[in-house]
Amino acid sequence: MLFSRLGIAFTFSPNALRLLKIAHRLQKLFQSELIIIHAGEDSKEIREKIFTMIKEANLPDHSYEIIIREGETSKTISKICEEKNIDLLISGALEKESLLKYYLGSVARRLMHELPCSLLVIVNPENISDSFQRFCVNVDYSPQNEAAVKKAYEFAKLENAKEFILVREFQIPGLAITIYDGGETDRAEKTRLEIQKEEEEKLKIFSDELNLTGLEVKRVCLYGKQGWELKQYATDSKSDLLVISSPPKKLKLFDKIFQHDIEFILNQLPCSLLIIRS
Amino acid sequence: MNLSSTEITIFLLSISIILFFARGFGELFRLIKQPIVIGEIIAGIFLGPTILGSLFPEFYNSIFNKLDSVAIALHGITSLGIIMLLIVTGIEIDISVMIKQGKKSFVISVMGILFPFLIGFLSAYFFPSQLGLTNSDLHLVYSLFIGTALSVTALPVVARTLMELNIFKTEVGFSIITSAMLIDLTGWLIFSVLLGIIGKSQSNNFEVYEVILILAAFTLFVFLFLKKLIDKTLGFSKKYLSSPGAILNIIFILGFLSAAFTEYIGIHAIFGAFIIGIAIGDSVHVTENVKEMINQLVTNIFAPLFFVSIGLRINFIQNFDFALVGIFLSLSLIGKLFGAYLGANLSGFNKNESLTVAFGLNAHGTIEIVLGMVAYESGLIDEKVFVSLIIMALITTLTSAPLMNIFIKRSKALLKLSNLLKPQSIIFTNADNKEELIKQLCKNIYQTNNIIDYEKLVARVIERENQMSTGLENHLAVPHARMNIKVPIVALAIHKNGIDFNSLDNLPAKLIILLITPEDNPEMQLELLSEIALKLSNKNFIEELIKSENADEVISKIKLLY
Chain A
1 MLFSRLGIAF
11 TFSPNALRLL
21 KIAHRLQKLF
31 QSELIIIHAG
41 EDSKEIREKI
51 FTMIKEANLP
61 DHSYEIIIRE
71 GETSKTISKI
81 CEEKNIDLLI
91 SGALEKESLL
101 KYYLGSVARR
111 LMHELPCSLL
121 VIVNPENISD
131 SFQRFCVNVD
141 YSPQNEAAVK
151 KAYEFAKLEN
161 AKEFILVREF
171 QIPGLAITIY
181 DGGETDRAEK
191 TRLEIQKEEE
201 EKLKIFSDEL
211 NLTGLEVKRV
221 CLYGKQGWEL
231 KQYATDSKSD
241 LLVISSPPKK
251 LKLFDKIFQH
261 DIEFILNQLP
271 CSLLIIRS
Chain B
1 MNLSSTEITI
11 FLLSISIILF
21 FARGFGELFR
31 LIKQPIVIGE
41 IIAGIFLGPT
51 ILGSLFPEFY
61 NSIFNKLDSV
71 AIALHGITSL
81 GIIMLLIVTG
91 IEIDISVMIK
101 QGKKSFVISV
111 MGILFPFLIG
121 FLSAYFFPSQ
131 LGLTNSDLHL
141 VYSLFIGTAL
151 SVTALPVVAR
161 TLMELNIFKT
171 EVGFSIITSA
181 MLIDLTGWLI
191 FSVLLGIIGK
201 SQSNNFEVYE
211 VILILAAFTL
221 FVFLFLKKLI
231 DKTLGFSKKY
241 LSSPGAILNI
251 IFILGFLSAA
261 FTEYIGIHAI
271 FGAFIIGIAI
281 GDSVHVTENV
291 KEMINQLVTN
301 IFAPLFFVSI
311 GLRINFIQNF
321 DFALVGIFLS
331 LSLIGKLFGA
341 YLGANLSGFN
351 KNESLTVAFG
361 LNAHGTIEIV
371 LGMVAYESGL
381 IDEKVFVSLI
391 IMALITTLTS
401 APLMNIFIKR
411 SKALLKLSNL
421 LKPQSIIFTN
431 ADNKEELIKQ
441 LCKNIYQTNN
451 IIDYEKLVAR
461 VIERENQMST
471 GLENHLAVPH
481 ARMNIKVPIV
491 ALAIHKNGID
501 FNSLDNLPAK
511 LIILLITPED
521 NPEMQLELLS
531 EIALKLSNKN
541 FIEELIKSEN
551 ADEVISKIKL
561 LY
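Chains as they are written, first to last, in my numbering: chain A, 1 to 278; chain B, 1 to 562.
Since the hints were made in silico from the structure, they are not lab data. A couple of the hints might just be wrong.
Heads up, incomplete: computed chain A residues facing chain B, CB under 8 Å, no partners named [said to hold, decoys possible]:
| no. | residue |
| --- | --- |
| 1 | I172 |
| 2 | T185 |
| 3 | E198 |
| 4 | E201 |
| 5 | D208 |
| 6 | N211 |
| 7 | W228 |
All C-beta atoms, glycine included, are put in the ideal place defined by N, C-alpha and C.
Just chain B, with the same shape it has in the complex (with noise of 0.2 Å):
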C-alpha cells in the first residue's frame, strides 16, 4: 500500500512543523540554561491537543489527526526515535567504569534505588486507588512500575550538569556519574522484567518464567559473546571499510535487530535496544567522535521527534491530577533524596557533598519519560499517571542542577585552593631564610590543625625540599608533603621582600604556599599541585596578590581566579 500524495505532503508538514517547533522550545530553554529535552517537550504539549488542539482544533485535527495513514507514519518514526535513543543510553553506560569505582558507587546506587523503589511500591500497593491504579488485575505489577518509575535517574542530564558545574573530575562528580550508570541498568532490568509480564497478557509466545529465561540468556549471550564479536566486526569495518559510515550503519543495524528480538520475545523492543547498547559502548572502536557523532543524530533529530509526540498525543490540562503530580513528587524526594544521601554518607561523603550527590540524581528526565510512554502505550498506567510522571521528571530535572551547584559550593568536593584556604592559615613574615620560613607555615597548620605532629611535619617538608628546590617561577613557591591525614591543609605565606628558594628563573620567592596532602593519595597532592602551578602562571597576578595587606584581602584576590 503506497501513501497519496496529500499523505506524503501532509507527514513530511507534520514532521517539519515538529522539529521546527521543537528546536525553537529546546533553544529558549538553552538559552536559560536547562535542557533543551524540557523543551522539546512543551513544545509538544503547545502543538497538542492542551493548547493548539484546543485554540485551533481544525488545523491541529488537518496536520496531526486527520489521516491514520499519517499518524500510523508518525507512530513508526517516534518508535524509531525511542530506540535509537536507548541504543545510545546504552553505549554510554560504561560497566568497566562502575566497576573501577567499587564499592562507592555500587552503595550509592543500591541506597538510590532501593529507597525510591520501596517507597512507591509501598504506596502503590497499599494506596492502590490514591495512586491512579485503573486496572486491578494489575495490581502487583502496577506497584512494581511506580518504585521502578520513582527510582530511575536520567543521566544525559546529570552529565550536563556535571559540565556545567565542572565537576567531572571529583570524586563527587565520578561518583554520581557510575552511580547513575548503575541505577539506569538496573532499573531498566526491572522494567524489562515487568514489560515481559505485561507482555504475556498481550502476546501468547512464552510464559513469564521463559521470558525472564530467554532475557537472562540474551542478556549474558550479548556479553560472554556477542560483544567480543562486536568489538571484531567493528575494529574490521573501521579499517577495511568506510569510516565512520560503516561503523554508523553496523551500530544501528546491531541496535535495530536485537530490540526486534527482545520484542519478539514479548519484553519491548527498547530493553534489546539498550543491552547491544552498552555492548557496542564497550568496543574500543567506538571512539568518543563516533559517540558524539551519534548523539548529535539521534537527539537532534530522532528524539525530539519523541519527546514532542507525547504532548502531541495527550491533553495535559485535561489530565493534570494536581494530587497525583503531589503525591509522586513527593514520594520521589523522600525516597531518592534520602536514598542517595544515605548511600553517599555510608561512601564516606560529608553532608554537602553526600547532598549533592541526592540532588544530582534525583534528576528523573528523560529515562522517566520513555518508560512513561512505554508503560502508558501497553495500558499499564493511564494519561493521568502518565502525565504526573512527565511533570515528575521535570520539575526534578529543572530543580537538579541549582540545587547540586549550592551544595557543591559548600562543600570541599572542588579540590581548589580558594576552598582550602582559610583567613587563619595565611602569615605575612620576614623570615631570614627557607628553613626558617617553612618552620613558620608548619607551625601555623600545627596550630589551626593540632591533628599533626608538628616536627614530623617539618622533617617531611624540609626532607622533600631537599631532594629537589619548590621553587617554581614568578616569585612562587610551593612546599609540600604527604601526612597521615583525611583532607589536605593549606597555608600561605607573603614574604614582600622575596626570599631564596632556588627558583627555576632565580627570582626570590614572595609568595609561598605550603601544602599538605594525604600520604595514601598521591593523586590528589599531584591534583592540587598542577591546579596552583596552572592558576598561579600570571606574574601580574602574583604581583598584585603580594601587594595585599590582610588575610581577607589575598583570600578575595585568589576567589577571582576561579
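Here chain A stands alone, though its shape is the one from the complex (with noise of 0.2 Å):
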C-alpha cells in the first residue's frame, strides 16, 4: 500500500470542502485510513460545524477519524501525525507569501519542515481536476531520492497520469568564473554541454535502475540555480503536482536568506506539492 495512514489538516477555509473531498478521493484511491485533524479549540460547535462539511463532502459514516486538539497548529499536527503513524498529511496552502510571512514562517511552511511524514500541499483546490494528470519529480540521486521516486512513480499510475517528467537540476560553481581570467566563452559553453551529456545520460540510467514500466517517463536536466529551475519547470509545463524527497535536514533561517532549493518552491508554489519522507 502505498499510504495505509491518510491524515487531513482540516481548517475552516474557503477551501475546506474541496480538500475534504480531495482527501476522500485519496482515501479511496490509496485504500488507506482517513483522519481528520483540526488543531483547535474542541467545542459542541466545532464538531456540529465539521460534520456538518464532512456530509456535504460525502464521507461515508465510518470512513474516517476525527481528532480535535488545542495547541499551536503546526507542532500540534505534527505530533497527532507521529501518535497515529500517518503516513501522508494533505493540507492547504496559499500560493505566495509575503516576505513577513517568509522569514516568520506560516503553518503550512512549518508543515513542511516539521512533520514526521509525507505531506501534500493543495494549491487551489478548487482547480483541481478528478486527478493530478502531470506529474513532475524532482531527482537528486540520494538514498531517500530513489525511494521518493518510485513512489511518485506508483502515485501516477495509480491516477493513471498522463505525464510523469523526471526533472534533474545541476550546477557547475565557478564555471562562469572562468571567463575572469582569459578563459573563453567557448570552452566554458563546451564544458557545460559536456557535463549536460553526462547528466542526460546518468538520468537514463538513473530511471533504467529503478525499472519503472507502464507509464512512460520524460526525463529533463536543467542548468542552472537549484530549486528555481524545479520550479520554473514545473510551471511551464504545466504540471499538476511536484515532487520532492524530503530536505536532510530541517531548515533554518540560514538556509532562507541564502535560499536553501527548497525555499524557492515553498516561496511561490507553482502548482500542488508532495513532499515524500523516507
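Using the hints, build the complex out of the two chains.
See below:
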C-alpha cells in the first residue's frame, strides 16, 4: 500500500470542503484510513460544523476518524501524525507568501519542515480536476530520493497520469568565473555541454535502474540554480503535482537568507506539492 | 574644470598603451597556459619605472607621469576597475552552494584560513621589523593584515585550474571551489574591519566600534532585505526593460552605490562592492550568460587597467627585498598548505586528494594583489612589502596548477575506469553462461578486495541482473551492484567468443565490466556507469580491446581513452 494512513489538516477555510473531497478521493485511491485533524478549540459547535462539512463532502460514516486538539497548529498536527502513524498529511496552502510571512513562517511552511511524514500541499483546490495528471518529480540521486521517485511513480500509475517527468537540476559553481581570467566563452560552453551530456546519461541510467514500467517516463536535465529551475519547469510544463523528497535536515533561518533549493519552491508554489519523507 | 586637448590626448594614449601591452603580455601567458593576469602585471612592470622608466625615462614620464591631471584621471579609472572587479568577485560567491557542501568546505576553509592567519599574525607581531613594519603605531593592525594576506585564495585562478584539470564535477573540485569562496568571504570580512580601523585614523566620520556596528548592520540589511529587492528589481528589468543591457546597468548602479556607502563610513569602497556582488549573484535573474558578459567587460577592459597600473606606480627592482619575499613565501606555504591539507584530511580526503586541495587553495592570485594595493594606498604597508606580496601571489598562482595536476593524477578523485582498473582485476574467461561469468568476476573482486562478502556480492549482482539485463551494445555488458564499501571496485572480463547477456543489440557480450559502488552513494554508481557507457560507445575500440592478450595491454588501451 502506497500510503496506509492519510491525515488531513482541517481548517475552516473557504477551501476546506474541496480539500475534504480530495482527501476522500485519495483515501479510496490508496485504500487507506483517513484521519481528520483540527488543531484548535474543541467544542460542541466546532464538532457540529466539522460534521456538517464532512456530510457535504459525502464522506461515508465510519470511513474516518476525527481528532481535535488545542495547541500551536503545526506542532499539534505534527504530534498527532506521529502518534497516529500517519504517513501522508494533506494540507492547503497559499500560493504566494509575503516577505514577513517568509521569515516568520506560515503554518503550511512550518508543517513542511516539521512533519514526521510525507506531506501533500494542495494549491488552489477548486481548480484541481479529478486526478493529478502531470507529475513533475525532482531527482537528486540521494538514497531517500530513489525511494521518493519510486513512490511518486506508483502514485502516478494509480492516477493513470498522462505525464511523468523526472527533472534533474545541476550546477557548476565557478564555471562562469573561468571567463574572468582570459577564459573563453566557447570553452566554458563546451564544458557545460559535456557535463549536460553526462547528466542526461546519468538520468537515463537512474530511471532504468529503478525499473519504472507502466507509464512512459520523460527525462529533463536543467542547468541553473537548483530549486528555481525546477519551479520554473513545473510552471512551464503545466504540471499539477510537483514531487520532491524531503530535505535531510530541518531548514534554519540561514537557509532562508541564502535560499535552500526547496525555499524557491515554498516561496511561490507552482502547483500542488508532494514532499515524500522516506 | 575641463581637461585640455593635450591632456585628453595623453590620457587616451596612455590607456591605449596600457590595454595594448596588457593584452600582448596576457596572451603570451595564455599561450603557456598561465593566468592572463600575471601577464598584465608584468606588462605594468615593463611599462613602469622598473624597465621603461629606467631605460627611456623621458618617454615614460611624458606618457604616464608628466601631467597630474592625467595621473588623477588614470587613478580614477583604475579605482573604478578595482570596484568592478570586486563586484564580479562577489557575484561568484554562492553561499547556498557553500551551505550545501556543508561541513567539508567549512572545515577546509577554517583550517585553510586559521593556520596561515595565525602564522602570519604571530610572525608579524613578534618580528615586526623583519616582516616590514614601518609605522609602529599600526603594529597590531599590520600583524592582522599580514595574517589576512597570507590566508586569501584566488577564486578565479582556482576555477580555471579546475577546468583545465577537468575536475569541476569531482568531490575534490567541488570542495576546493566552495572552500575558496568561503575563504574569500572571510578574508574580505576581516580585511574590511582592518580598513575600518585604518580609516579611523584617516577620516573622522565614525569611531571604530561604530564602523563595525554599521558594517554588521549594513551586511544584515543587504542579505535580509536588499537581496530580495534586488532579485525583484532584476526580474522586473528582465521582463519590462531592454535586456540584458538594463540588468548590467542595474548591477553596476547598485555596485557603485554600495561602494560609495562603505567608502563614506570609512571602510573602503571595495567592501561595499563585494557584499552587494554576493547579493546580486544570488538573484535567479543573474544567469550564467549575464555573469559571463560582466566578466568579459570587467576582465578585458577595466581589470587590466588596474593590474597594469600597479607596475606603473612602483619600481619593482628598487623595492625588491629578497629576504622579505622569502619570508612571505615560506610563511604562506607552511601555513596554507598545512592548514588546507589538515582540513581536507579531517574532512575525509586521502593524502593525494588533500594535497590537491592544499595546492589549489594556495593560489593567492588577484585577491592578494587587490588586498595589497588597498593596504599600500591606505599607508599600512610600504612599497617593499607590497612588492613582496605581489611576487608571492605570482609564484603561488604559477605553481598551483602544475602541483595540483601531480596530486590529482595520483589520487582516486578522478572517478574514471582507467584509475580504478588494476591488472589483477582483469580476467580472460571461457565461462559457459552469464551466471558463471558473474561468479568469476565476483570471485576476483573477493580475492583482490577481501573486504567484501562473496556470497552477498554474487546475490546482489544476480538480483540486479534479474531485474533487467545490463547488456548494452557493441559486445559490452556492465553488471553492477551496491555494497557496503567506501571506494568503488571494478573487475573486467574478456570473453573472446562472447556470451549471451540479453544485450540491447542482441550481440553477445565480449567485454564485461563488473562495477561495485558504495551503497550509500547512488550518484557515484550513476557517474561511473554513465562514464563507462559514454567512453566505451565506440564499437571499433571495443573490438580492438577484445583482441588484447594480457591485462597490461587492456589497461594501456583503456588509458588511451583519457
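Enumerated hints in conflict with the structure, sorted upward: none
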